[in-house]
Amino acid sequence: MKRKYIFIIAAVLVLFLIIFLSIGKKGPMNNTKPRIQVAKKGNVVNTITATGKVEPIDQVEVGTQVSGVVEKIFTDYNEQVEKGQLIAQIDESTLRARLLQAKASLASAQNELDYQTKNFERIKKLFEKEMVSETQYDEALYRYNNAKASVESLKSEVEQAEVNLSYARIYSPIDGVVLGKSVDEGQTVAASFNTPTLFLIAKDLTQMQVEADVDEADIGQVETGQKVSFTVDAFPETEFIGEVTQMRLEPVIESNVVTYTVIIDAPNPDLKLKPGLTANVTIITNEANDVTLLPLAALRFSPEKQAEISSFSKTEKVMPLPEKQEGSDKQKIWLWENGKMHPEMVETGLEDGVWCEIKSGIAPGDSVVTGVDRSGDMVGRATRSPFMPGPPDDDDDE
Numbered sequence: 001m002k003r004k005y006i007f008i009i010a011a012v013l014v015l016f017l018i019i020f021l022s023i024g025k026k027g028p029m030n031n032t033k034p035r036i037q038v039a040k041k042g043n044v045v046n047t048i049t050a051t052g053k054v055e056p057i058d059q060v061e062v063g064t065q066v067s068g069v070v071e072k073i074f075t076d077y078n079e080q081v082e083k084g085q086l087i088a089q090i091d092e093s094t095l096r097a098r099l100l101q102a103k104a105s106l107a108s109a110q111n112e113l114d115y116q117t118k119n120f121e122r123i124k125k126l127f128e129k130e131m132v133s134e135t136q137y138d139e140a141l142y143r144y145n146n147a148k149a150s151v152e153s154l155k156s157e158v159e160q161a162e163v164n165l166s167y168a169r170i171y172s173p174i175d176g177v178v179l180g181k182s183v184d185e186g187q188t189v190a191a192s193f194n195t196p197t198l199f200l201i202a203k204d205l206t207q208m209q210v211e212a213d214v215d216e217a218d219i220g221q222v223e224t225g226q227k228v229s230f231t232v233d234a235f236p237e238t239e240f241i242g243e244v245t246q247m248r249l250e251p252v253i254e255s256n257v258v259t260y261t262v263i264i265d266a267p268n269p270d271l272k273l274k275p276g277l278t279a280n281v282t283i284i285t286n287e288a289n290d291v292t293l294l295p296l297a298a299l300r301f302s303p304e305k306q307a308e309i310s311s312f313s314k315t316e317k318v319m320p321l322p323e324k325q326e327g328s329d330k331q332k333i334w335l336w337e338n339g340k341m342h343p344e345m346v347e348t349g350l351e352d353g354v355w356c357e358i359k360s361g362i363a364p365g366d367s368v369v370t371g372v373d374r375s376g377d378m379v380g381r382a383t384r385s386p387f388m389p390g391p392p393d394d395d396d397d398e
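Quick note: the sequence shown uses the working numbering, first residue 1, plus one each step.
Don't take each hint at face value.
[As the list claims (entries may be wrong)] Computed list of lysine to any residue pairs in SDA-like fashion (alpha-carbon distance at most 20 Å, straight line):
{"no.": "1", "residue 1": "Lys40", "residue 2": "Pro251"}
{"no.": "2", "residue 1": "Lys359", "residue 2": "Ala102"}
{"no.": "3", "residue 1": "Lys33", "residue 2": "Ser367"}
{"no.": "4", "residue 1": "Lys124", "residue 2": "Lys103"}
{"no.": "5", "residue 1": "Lys332", "residue 2": "Glu287"}
{"no.": "6", "residue 1": "Lys330", "residue 2": "Lys274"}
{"no.": "7", "residue 1": "Lys41", "residue 2": "Ser367"}
{"no.": "8", "residue 1": "Lys274", "residue 2": "Asp175"}
{"no.": "9", "residue 1": "Lys129", "residue 2": "Asp114"}
{"no.": "10", "residue 1": "Lys83", "residue 2": "Gln221"}
{"no.": "11", "residue 1": "Lys83", "residue 2": "Gln136"}
{"no.": "12", "residue 1": "Lys274", "residue 2": "Asn78"}
{"no.": "13", "residue 1": "Lys155", "residue 2": "Asn194"}
{"no.": "14", "residue 1": "Lys181", "residue 2": "Gln59"}
{"no.": "15", "residue 1": "Lys359", "residue 2": "Lys274"}
{"no.": "16", "residue 1": "Lys125", "residue 2": "Arg143"}
{"no.": "17", "residue 1": "Lys148", "residue 2": "Ala102"}
{"no.": "18", "residue 1": "Lys227", "residue 2": "Asp215"}
{"no.": "19", "residue 1": "Lys103", "residue 2": "Glu162"}
{"no.": "20", "residue 1": "Lys181", "residue 2": "Asn194"}
{"no.": "21", "residue 1": "Lys181", "residue 2": "Phe74"}
{"no.": "22", "residue 1": "Lys118", "residue 2": "Glu162"}
{"no.": "23", "residue 1": "Lys203", "residue 2": "Glu237"}
{"no.": "24", "residue 1": "Lys227", "residue 2": "Glu287"}
{"no.": "25", "residue 1": "Lys340", "residue 2": "Asn289"}
{"no.": "26", "residue 1": "Lys53", "residue 2": "Tyr171"}
{"no.": "27", "residue 1": "Lys155", "residue 2": "Ser105"}
{"no.": "28", "residue 1": "Lys41", "residue 2": "Ile253"}
{"no.": "29", "residue 1": "Lys103", "residue 2": "Lys53"}
{"no.": "30", "residue 1": "Lys330", "residue 2": "Ser360"}
{"no.": "31", "residue 1": "Lys53", "residue 2": "Ile253"}
{"no.": "32", "residue 1": "Lys72", "residue 2": "Tyr171"}
[What the hints assert, rightly or not] Distance ranges between label pairs, derived from CB positions:
{"no.": "33", "residue 1": "Pro364", "residue 2": "Ser302", "range": "31 to 39 Å"}
{"no.": "34", "residue 1": "Ala191", "residue 2": "Leu86", "range": "40 to 48 Å"}
{"no.": "35", "residue 1": "Val257", "residue 2": "Lys340", "range": "53 to 61 Å"}
{"no.": "36", "residue 1": "Asp58", "residue 2": "Val252", "range": "42 to 50 Å"}
{"no.": "37", "residue 1": "Asp265", "residue 2": "Ala217", "range": "44 to 52 Å"}
Source of the hints: derived by calculation from the structure; they are not laboratory data. Think of the CB as a built atom: it goes at the ideal place given N, C-alpha and C, for glycine as much as any other residue.
Could you build all of it, start to finish, from the sequences and the hints given here?
Structure below.
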């Protein structure tokens, strides 16, 4: 008897459960409604990012071509220098001694040449009168030529010694600012194998450039003349503006990562940008300003994929349109007018991952279906995340 009551109670519970589930399924169907987005004006921008270094456009390494002790330095860090200004001097005593020695050797050789010239002219006259042998004539000619060659060689040594002496005084090759100084007074510099760098001078710090390392996956989008914005850690709140002026074809390979150097012009009238600062670069590769915009969700929405669509709207019976026309930028969207949907082909343009430019087919203010709300369930709904960027000058959603 107890078992019979248990079965009856279980059957009643199952019946109530079936009724509850049926009502639960029917409720959302009745509460299904479209998600509407109004087309509006805005901007779409495509960008790529990179990092780089701020550097002067023109900078010169000033060195020395002679060895010796640095006797005097006439400039220092950050000082303005002019072209031709004396900035350092190397001890000249050794160089002057070499010049004097070269001049003495030249004088001796010149004296020998004078003697051999007179001797050769005398032997030549006697040879013409057949008073000396041909051997004596050849020997006189040989000594004369050797003396002449020796003089020419020592003249070049004197000239070289004079040039080396002039190299002891180091002048600035350009107008600019001293960025680096590698020597101090009393220090010995050796120019035996390569030219040691003494100073680094930048020509004009009001005109800087950024040398950005662009990844190989993005370099195909970069072109000269594109607008660039960048920031530096020294002034995180300041946005600097520049322009792409050069793309270097030589690849830079580090740890199997390939990048290309892109040169960006960076005007620096306030002298805020310092050489060597790290720049966080944003290159604008494409942009469309003041155009009609729709979220990409409107292009992805299709009522055929929503089983509950008939519960909130009677779609107008129109000729079926393809989702996208082959070989063109036209796609189908669903307009919402007077409580009904109808398809419309629109010509799309630039996208930024969230928004899409609409070139034709709709106008700002038109309502477009982007998805479906089901009793608070956002499946298929084109909701905007609070973290999702909106188009500039975007009004609040309708």
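Hint check results:
With a C-alpha separation of about 43 Å, the suggested pairing of Lys40 with Pro251 is violated against the 20 Å cut-off. Restraint check: the Cα-Cα separation between Lys359 and Ala102 comes to about 83 Å, which exceeds 20 Å; the hinted pair is violated. For the hint linking Lys33 to Ser367, the alpha-carbon distance of about 14 Å falls within 20 Å, and the restraint holds. For the suggested pair Lys124 and Lys103, the alpha carbons sit about 31 Å apart, so the restraint of at most 20 Å is broken.
Simply put, Lys332 and Glu287 have alpha-carbon atoms about 23 Å apart, too far for the 20 Å limit, and the pair is violated. For the hint pairing Lys330 with Lys274, the CA-to-CA distance comes to about 49 Å; that exceeds 20 Å, so the pair is violated. Of the pairs offered as hints, the one joining Lys41 and Ser367 holds, with about 13 Å between alpha carbons and a cut-off of 20 Å not exceeded. Note on Lys274 and Asp175: the hinted pairing holds, with a Cα-Cα distance of about 18 Å set against a maximum of 20 Å.
For the hint linking Lys129 to Asp114, the alpha-carbon distance of about 23 Å lies beyond 20 Å, and the restraint is violated. Distance restraint check for Lys83 and Gln221: the Cα-Cα separation of roughly 41 Å exceeds the 20 Å cut-off, and the hinted pair is therefore not satisfied. For the suggested pair Lys83 and Gln136, the alpha carbons sit about 60 Å apart, so the restraint of at most 20 Å is broken. For the given pair, Lys274 sits about 12 Å from Asn78 by alpha-carbon distance, which is consistent with the 20 Å threshold.
The hinted pair formed by Lys155 and Asn194 fails the criterion: a straight-line CA distance of about 26 Å is larger than 20 Å. Between Lys181 and Gln59 the alpha-carbon distance is near 13 Å, which keeps this suggested pair within the 20 Å criterion. Among the hinted pairs, Lys359 with Lys274 is inconsistent with the structure: their alpha-carbon atoms are about 44 Å apart, more than 20 Å. For the given pair, Lys125 sits about 16 Å from Arg143 by alpha-carbon distance, which is consistent with the 20 Å threshold.
Between Lys148 and Ala102, the direct Cα distance comes to roughly 16 Å. Compliance with the 20 Å bound is thereby established for this hinted pair. Between Lys227 and Asp215 the CA atoms are separated by roughly 18 Å; this keeps the pair inside 20 Å, and the hint holds. Among the hinted pairs, Lys103 with Glu162 is consistent with the structure: their alpha-carbon atoms are about 10 Å apart, no more than 20 Å. Taking the CA atoms of Lys181 and Asn194, the gap is about 18 Å. The hint holds against a cut of 20 Å.
At roughly 11 Å between alpha-carbon atoms, Lys181 and Phe74 fall within 20 Å of each other, so this suggested pair holds. A C-alpha spacing of about 31 Å is found between Lys118 and Glu162, which places the hinted pair above 20 Å, so the restraint is violated. Pair hint Lys203 plus Glu237 does not hold up; C-alpha atoms about 28 Å apart against a cutoff of 20 Å. Between Lys227 and Glu287 the CA atoms are separated by roughly 10 Å; this keeps the pair inside 20 Å, and the hint holds.
Only pairs whose Cα atoms come within 20 Å are accepted, and Lys340 paired with Asn289 is rejected, the gap being roughly 31 Å. Distance restraint check for Lys53 and Tyr171: the Cα-Cα separation of roughly 29 Å exceeds the 20 Å cut-off, and the hinted pair is therefore not satisfied. Among the hinted pairs, Lys155 with Ser105 is consistent with the structure: their alpha-carbon atoms are about 9 Å apart, no more than 20 Å. Distance hint between Lys41 and Ile253 is unfulfilled; the C-alpha atoms sit about 43 Å from each other, more than 20 Å.
Simply put, Lys103 and Lys53 have alpha-carbon atoms about 52 Å apart, too far for the 20 Å limit, and the pair is violated. With a C-alpha separation of about 9 Å, the suggested pair Lys330 and Ser360 falls inside the 20 Å cut-off, and the hint holds. Between Lys53 and Ile253, the direct Cα distance comes to roughly 17 Å. Compliance with the 20 Å bound is thereby established for this hinted pair. Between Lys72 and Tyr171 the alpha-carbon distance is near 12 Å, which keeps this suggested pair within the 20 Å criterion.
For the hinted restraint 31 to 39 Å between Pro364 and Ser302, the CB-CB distance of approximately 24 Å leaves it violated. Distance hint check: the CB atoms of Ala191 and Leu86 are about 19 Å apart, inconsistent with the given range 40 to 48 Å. Remark: the range hint 53 to 61 Å for Val257 to Lys340 is upheld by a beta-carbon distance near 55 Å. About 22 Å separates the C-beta atoms of Asp58 and Val252, a value inconsistent with the hinted range of 42 to 50 Å.
A hinted range of 44 to 52 Å is violated for the C-beta pair Asp265 and Ala217, which are about 24 Å apart.
Violated hints, in rising order: 1, 2, 4, 5, 6, 9, 10, 11, 13, 15, 22, 23, 25, 26, 28, 29, 33, 34, 36 and 37; the structure is consistent with all others.
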